[in-house]
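Starting from the given sequences, assemble the full structure and let the hints guide the process.
There are 2 protein chains.
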Amino acid sequence: MAEMVRVAVDAMGGDNAPGEIVKGAVETVNARDDIEVILTGRRELVDAELAKYTYAAERIRTVDCDEVIETAESPVHAISGKKNSSMVVGMNMVKRGEADAIVSAGNSGAILVGGQMVVGRIRGVERPALAPLIPTEGGVALLIDAGANVDARASHLVQFAQMGSIYMEDVVGIKQPRVAILNIGAEEEKGNALVKETYPLLQACERIHFIGSIEAREIPHGGADVIVCDGFAGNIVLKLYEGLSGTLLKKVKEGMMSSLRSKIGALLIRNALHETLKSFDASEYGGAPLLGCKGLLVKTHGSAVASDVRHSIIQCVTFKQQGINDKISAHIGCRKETADV
Amino acid sequence: MAEMVRVAVDAMGGDNAPGEIVKGAVETVNARDDIEVILTGRRELVDAELAKYTYAAERIRTVDCDEVIETAESPVHAISGKKNSSMVVGMNMVKRGEADAIVSAGNSGAILVGGQMVVGRIRGVERPALAPLIPTEGGVALLIDAGANVDARASHLVQFAQMGSIYMEDVVGIKQPRVAILNIGAEEEKGNALVKETYPLLQACERIHFIGSIEAREIPHGGADVIVCDGFAGNIVLKLYEGLSGTLLKKVKEGMMSSLRSKIGALLIRNALHETLKSFDASEYGGAPLLGCKGLLVKTHGSAVASDVRHSIIQCVTFKQQGINDKISAHIGCRKETADV
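Sequence order for the protein chains is W and U. Using our numbering, you'd call the opening residue of the first sequence number 2 and step up by one each time. Using our numbering, you'd call the opening residue of the second sequence number 2 and step up by one each time.
Treat the hints with caution; some may be incorrect.
Put simply, identical chains are the same to the list, so a pair is met inside one copy or across any two.
Stated by the list, open to error - Keeping only pairs whose Cα atoms sit at most 27 Å apart, straight-line, the calculated DSSO-like set for lysine-lysine is:
| # | residue 1 | residue 2 |
| --- | --- | --- |
| 1 | Lys-84 | Lys-191 |
| 2 | Lys-251 | Lys-264 |
| 3 | Lys-83 | Lys-279 |
| 4 | Lys-191 | Lys-328 |
| 5 | Lys-251 | Lys-24 |
| 6 | Lys-83 | Lys-191 |
| 7 | Lys-295 | Lys-96 |
| 8 | Lys-264 | Lys-176 |
| 9 | Lys-279 | Lys-191 |
Rather than coming from a laboratory, the hints here were simulated on the basis of the structure.
Shown next, in the form of structure tokens:
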């Protein structure tokens, strides 16, 4: 039997907590025999949800916490002030090695802050980075950083490239992932000061397959497997993906409902269209890992439902079994002299 | 009769030059009686295209230029080296007041450089900014800057907000346009160093209707009328709009072609869908003006066809008739003490 992976799940985080979070945990242990889930949250609420299901009881347990970090709270204040919150309790379990990973749909900023302040960075990693998978025409691409470091430096971006490359190869299974830096043109001389400084460092980086700049236009076409950028630019990409997909699909639906003729047509294409567009639905790809911390933190979106939670938990298994953090630790170290230039 | 507006058109710029450019010029003078077009380019090529059409000959003339700036050329080198190129000749006409504006589908970087080096800035404007209209659910929004200033400062962004606001109100016709700064969260304390520095300056700016931060997710929903950002971030938004729209529509088409049933459905909805999605087609909105120069420069996309050229030329008329540059000059001056903080 494979090694058991223990995942702490913040049962109180997100818009649909604790119902969908608990349901996702139950679905996971029913589908897989190599995962143990520790649900952190108000015991009476969590256990009431658990009571609705049949599951392998020895692989889900509840840890009672009487505090909850709210979405609108200041991240630093929340993490340092609410020691007994479902999020901080889970993070401390990761820190102490009682859990391999934590999944949360709660306050995004608090997850990023907690990754640094509670769980801690891997030795040699300057900044952890948020690395969601985003859909492309032919598959997915890893966007790193998607919002953890809004004023990143060149040496940070080099580490993002290294960490992203390892993740894409060993967790997602893309051999020799193509790494590109997000830029405003394909030519080497283009870019802002940060990109111009980072570009030659990435070229000099031996353990990644650097293919140069990528324009935002080429991201959905699948122009690269790992897209390196600072957290401000990455967050724009991530959020615009969300907003624009939503708006375009709304427009398509409006178009289909505009006449009787098109309404009939809409009935005929509905299933086919749904299947195709599902492949472009970011929530299918699990949560976003915060790479570079001593354990794994996975941030799933605030409106996560059970299937999102399940995907996020299962992602932690591959991460653990592939020894991603050991690899990050080894690779980051080896190029530090370049990264620090 | 309205005052005649004289627009220089770079007949050699873009993938479809000179054919589509000349066709667009002819369509314009045939549709409007208040525009004169000056086509700059190789006379024999331009005149051969002109010979295909019937038009008011006194309102189109050709200025012969024997050089062409290629797409791949270094902008600074091209502008300073090719004095007799179709682009530089047109820019010099604007500088000398022989034309009110220039429209080009050529080398984007060269247009930005030429705006500063050849045409020159309006007194008081620190940096001209590229300001395309992008489609939203309910209409359009102005994105400023979309790529002219990749390392902008806070004082630049304040001027972008002022120039964008004037353009949106007087050219596009949106009363009291809502101005927002592109950010990674709606809260005031969020953002990178540039956004944090700019935010209070925009709050203190009296002549604009500043509504705070906008996340990229809200842009397609129409969350603001003027979106202020540095050229690096703006270029990402613009290019991702292009790439993602293309990919999603391709996915929709694939979905509709995946079974016989859905193919029949596709036939029924085709027209309705086409009409709806046309409203989301950026090329319908004309070219992007470079705001802040002494004359108007309009950059239309490299693959521009006649209708894009026509829209771009017509845009220049409103710009001129509304006296936009006089207004920019007046407004920019009045807040300079704040902008320079």
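Status of each hint after checking the structure:
1. Lys-84 <-> Lys-191: between (46 Å within a copy, 24 Å between copies)
2. Lys-251 <-> Lys-264: Both. Shortest intra-copy (15 Å) and inter-copy (21 Å) distances satisfy the 27 Å Cα cut-off.
3. Lys-83 <-> Lys-279: neither (38 Å within a copy, 51 Å between copies)
4. Lys-191 <-> Lys-328: Neither: 32 Å inside a chain and 33 Å across chains, both beyond 27 Å.
5. Lys-251 <-> Lys-24: neither (29 Å within a copy, 35 Å between copies)
6. Lys-83 <-> Lys-191: Cα proximity of Lys-83 and Lys-191: across copies only (21 Å, versus 45 Å in one copy).
7. Lys-295 <-> Lys-96: This pair counts as within: shortest intra-copy Cα distance 7 Å, inter-copy 60 Å.
8. Lys-264 <-> Lys-176: Result: close neither inside a copy nor across copies, 44 Å intra and 37 Å inter.
9. Lys-279 <-> Lys-191: Close neither inside one copy (35 Å) nor across copies (32 Å); limit 27 Å.
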